[in-house]
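Trainee: Okay, so the sequence shown: first residue is -7 according to our numbering, each after it adds one.
Everything labelled a hint here was simulated from the structure, so no lab data went into it. It is possible that some hints are incorrect.
[Claimed, not checked] Pairs of lysine-lysine residues, derived as DSSO-like cross-links and limited to a Cα-Cα distance of at most 27 Å, are as follows: (1) Lys117 - Lys18; (2) Lys79 - Lys106; (3) Lys18 - Lys82; (4) Lys13 - Lys117; (5) Lys26 - Lys117; (6) Lys18 - Lys106; (7) Lys21 - Lys106.
[Stated by the list, open to error] Restraint-style ranges between C-beta atoms, simulated for each label pair: (8) Asn74 - Thr113: 18 to 26 Å; (9) Met(-7) - Val114: 29 to 37 Å; (10) Thr0 - Asn39: 31 to 39 Å; (11) Arg5 - Ser99: 18 to 26 Å; (12) Thr34 - Lys117: 20 to 28 Å.
Every residue gets a Cβ at the ideal spot worked out from N, C-alpha and C, and that includes glycine.
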Amino acid sequence: MNEEEILTLLHNRCEQNGWRKLCGIKVAKLEDKKLTLSMLVTESLSNAHGIAHGGALSGLLDTVMGLSCIISGKNVVTMNLNVNFIKGPKIGTNVFATAEISHSGSSTMVTEAKCFDERGTVYAKANATFYVLRKTRV
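Please model the entire structure based on the sequences and the hints provided.
Mentor: Pasting the structure below:
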């Protein structure tokens, strides 16, 4: 698949998945098979302190890492997710997430990701291990 076809597939996956749709997770950019997702921190995604709920940021990070695995050609499910929260983005902040694949094996994949805003302020970093279900057509 070329990048335009991959982008269409990713847009469809974000719009058709209930969790991603609920959180407003969108594809912001795909360049050289490197994916950037975005999510607007809304009141419904915030905690009692007026900042993004950790679960919302964790979901964004998990999603960008999982979709990055799919782009690399493997369907995966999360086995382990570790998130370090650095700073809480306030309601109204548009956050982004990118991921890197550290290991791509036949049965597992390991990834790293970060969540940041347009100024480059980093809000969270994560790493995850994914179980490979099967190869994809990407």
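Trainee: So the hint says 29 to 37 Å: do the beta-carbon atoms of methionine -7 and valine 114 match that?
Mentor: Once the Cβ atoms are compared, 31 Å apart, the range 29 to 37 Å for valine 114 and methionine -7 holds.
Trainee: With a cut-off of 27 Å on the C-alpha distance, tell me whether lysine 18 and lysine 82 pass.
Mentor: 19 Å, holds
Trainee: Does lysine 117 lie within 27 Å of lysine 26 when you go C-alpha to C-alpha?
Mentor: Holds: lysine 26 and lysine 117 sit about 17 Å apart, inside 27 Å.
Trainee: Take the C-alpha atoms of lysine 13 and lysine 117, compute the straight-line distance between them, and say whether it is at most 27 Å.
Mentor: Answer holds: lysine 13 to lysine 117 is near 22 Å, not above 27 Å.
Trainee: Quick one: are asparagine 74 and threonine 113 within 18 to 26 Å, going by C-beta?
Mentor: At 21 Å between Cβs, range holds.
Trainee: Given the hint that lysine 21 pairs with lysine 106, does the C-alpha gap stay at or below 27 Å?
Mentor: OK: lysine 21 and lysine 106 at ~15 Å, within 27 Å.
Trainee: A range of 18 to 26 Å was offered for this pair. Does it hold for the Cβ distance of arginine 5 and serine 99?
Mentor: 23 Å, holds
Trainee: Mind checking the alpha carbons of lysine 18 and lysine 106 for me, to see if they're no more than 27 Å apart?
Mentor: 16 Å, holds
Trainee: Has the given pair, lysine 79 with lysine 106, been kept, meaning a C-alpha gap of at most 27 Å?
Mentor: 12 Å, holds
Trainee: Would you say the C-beta atoms of threonine 34 and lysine 117 sit inside 20 to 28 Å of each other?
Mentor: Cβ of threonine 34 to Cβ of lysine 117: about 23 Å, so the range 20 to 28 Å holds.
Trainee: For lysine 117 and lysine 18, compute the direct alpha-carbon distance and say whether it is at most 27 Å.
Mentor: 19 Å, holds
Trainee: Quick check on a hinted range of 31 to 39 Å for threonine 0 and asparagine 39, using CB atoms only.
Mentor: 34 Å, holds
Checked against the numbered hints listed earlier, the structure breaks none of them; every hint is satisfied.
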